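Participant: Sequence:
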Amino acid sequence: MAATTLTARTLRDAIAQRTRDALQCGALQPIETALTHIDDGGVRFAVREVSSLARKEAARRKDEPARDGPQTPRRNPFLPYDDDLCVGELSSTHVALLNKYNVLDEHLLIVTRRFVPQEALLDHADFAALLVVLHGFDSLGFYNGGPEAGASQAHKHLQAVPLPLDAAGTAVPVETLLDAAQADAAGADAGTADTTAADIAGADAAAADTTAADIAGVDAAAANTTAPAAAAVDIVRVPGLPFAHAFAWLDLAGTSVGERADRHALSDAQPDAQRALDTYRALLHAAGIGSVEVEGVPHQAAPYNLLVTRRWMLVVPREAERVEGISVNALGFAGSLFVRDAAQRDTLARIGPMTALSRVAKPLAPQASAHA
Numbered sequence: 009m010a011a012t013t014l015t016a017r018t019l020r021d022a023i024a025q026r027t028r029d030a031l032q033c034g035a036l037q038p039i040e041t042a043l044t045h046i047d048d049g050g051v052r053f054a055v056r057e058v059s060s061l062a063r064k065e066a067a068r069r070k071d072e073p074a075r076d077g078p079q080t081p082r083r084n085p086f087l088p089y090d091d092d093l094c095v096g097e098l099s100s101t102h103v104a105l106l107n108k109y110n111v112l113d114e115h116l117l118i119v120t121r122r123f124v125p126q127e128a129l130l131d132h133a134d135f136a137a138l139l140v141v142l143h144g145f146d147s148l149g150f151y152n153g154g155p156e157a158g159a160s161q162a163h164k165h166l167q168a169v170p171l172p173l174d175a176a177g178t179a180v181p182v183e184t185l186l187d188a189a190q191a192d193a194a195g196a197d198a199g200t201a202d203t204t205a206a207d208i209a210g211a212d213a214a215a216a217d218t219t220a221a222d223i224a225g226v227d228a229a230a231a232n233t234t235a236p237a238a239a240a241v242d243i244v245r246v247p248g249l250p251f252a253h254a255f256a257w258l259d260l261a262g263t264s265v266g267e268r269a270d271r272h273a274l275s276d277a278q279p280d281a282q283r284a285l286d287t288y289r290a291l292l293h294a295a296g297i298g299s300v301e302v303e304g305v306p307h308q309a310a311p312y313n314l315l316v317t318r319r320w321m322l323v324v325p326r327e328a329e330r331v332e333g334i335s336v337n338a339l340g341f342a343g344s345l346f347v348r349d350a351a352q353r354d355t356l357a358r359i360g361p362m363t364a365l366s367r368v369a370k371p372l373a374p375q376a377s378a379h380a
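Going by this note's numbering, 288 is the number at position 280 of the sequence shown; the sequence numbering is gapless.
By construction, these hints were calculated from the structure, which means they are not laboratory data.
Hints should not be assumed to be uniformly reliable.
List time: in silico EDC-like cross-link candidates among lysine to aspartate or glutamate, alpha-carbon distance up to 16 Å [as the list claims (entries may be wrong)]:
#1 LYS108 x GLU40
#2 LYS108 x ASP29
#3 LYS108 x ASP91
#4 LYS108 x ASP90
Predicted model only: the values in this text are computed from it and were never measured.
Model the full assembly from the supplied sequences, consistent with the hints where possible.
Facilitator: Structure below.
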């Protein structure tokens, strides 16, 4: 069946129509949750107890043998994809699918048409497809870079969910820390417009040779990326995040969504896509995520999570997929966590969500911690 070509103007209606049809035929199987909140580290975390999380984990285990290498997985839900879940074509390289077992409404998967490993670095085409979604409606794009970062499929796919993540709180819970960091920066002396990377990291001005890796809070020895950070990207370390990360403001809302949608074709997303790609590469560099060639395709040298809105981009290098049995993907670093049952919820409340994130992310390097 030929898929509809999507634009920012038509995307939301197409999602609504496909959702109705997929629910009617049983292709879409929403998962019920019970929502609670845990306040920790200045963030009001949304914690959802997912009644059918065990079902999703069982499905993921079926695919684990496919992660032995870059070859096409033996079982791939995206090749071929289920037509009943297909919203349409985002570009010649990507399609938009509904997440079959969705916890959040209108959860989109942005999937490459041909098989590309999930550990392959994102490219211009990936961001161009993502930006059709971000320009279509206020949403959070995210990427789980490898199994240790929460990826459950070996086929390359970004994801996007509508905002707010929690109707009772901030659109993205972690934005309370991001906005506070921006306010602090805005309140700084106007004479520091030429602030160095060391100043941003909180170091003494004498340490003007501070690298982007120091800002991100990763060990300098890990920052052996092959591509230098883009000079135009102002990389920030957010004081309230107690783990290695790299953050940048990313203003993709220079015109309203309606104005963009009126004239939108994929070509209109190209300048924003290039800016997003440049920012992504700079943040990877700052976070110490290098690149390795696998069969001629650049792959990540370490697992990471990526979060993107029209306003900002965040990269978090990962060390583990779980903490005390609780799986954490990119949404965790947005302030949205999922637990299997009340016991896991109690565990999360006991250790604290921010501590849980710190235990699955790379730690801040000692020298960066000293600057905080």
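Participant: Now, for every hint given, state plainly whether the structure supports it.
Facilitator: Structure-based check of all given hints:
1. LYS108 x GLU40: Given pair LYS108, GLU40 holds - Cα atoms ~13 Å apart, limit 16 Å.
2. LYS108 x ASP29: holds, 13 Å
3. LYS108 x ASP91: Satisfied, since the Cα-Cα distance of roughly 12 Å is no more than 16 Å.
4. LYS108 x ASP90: It holds: about 9 Å lies between the C-alpha atoms, which stays within 16 Å.
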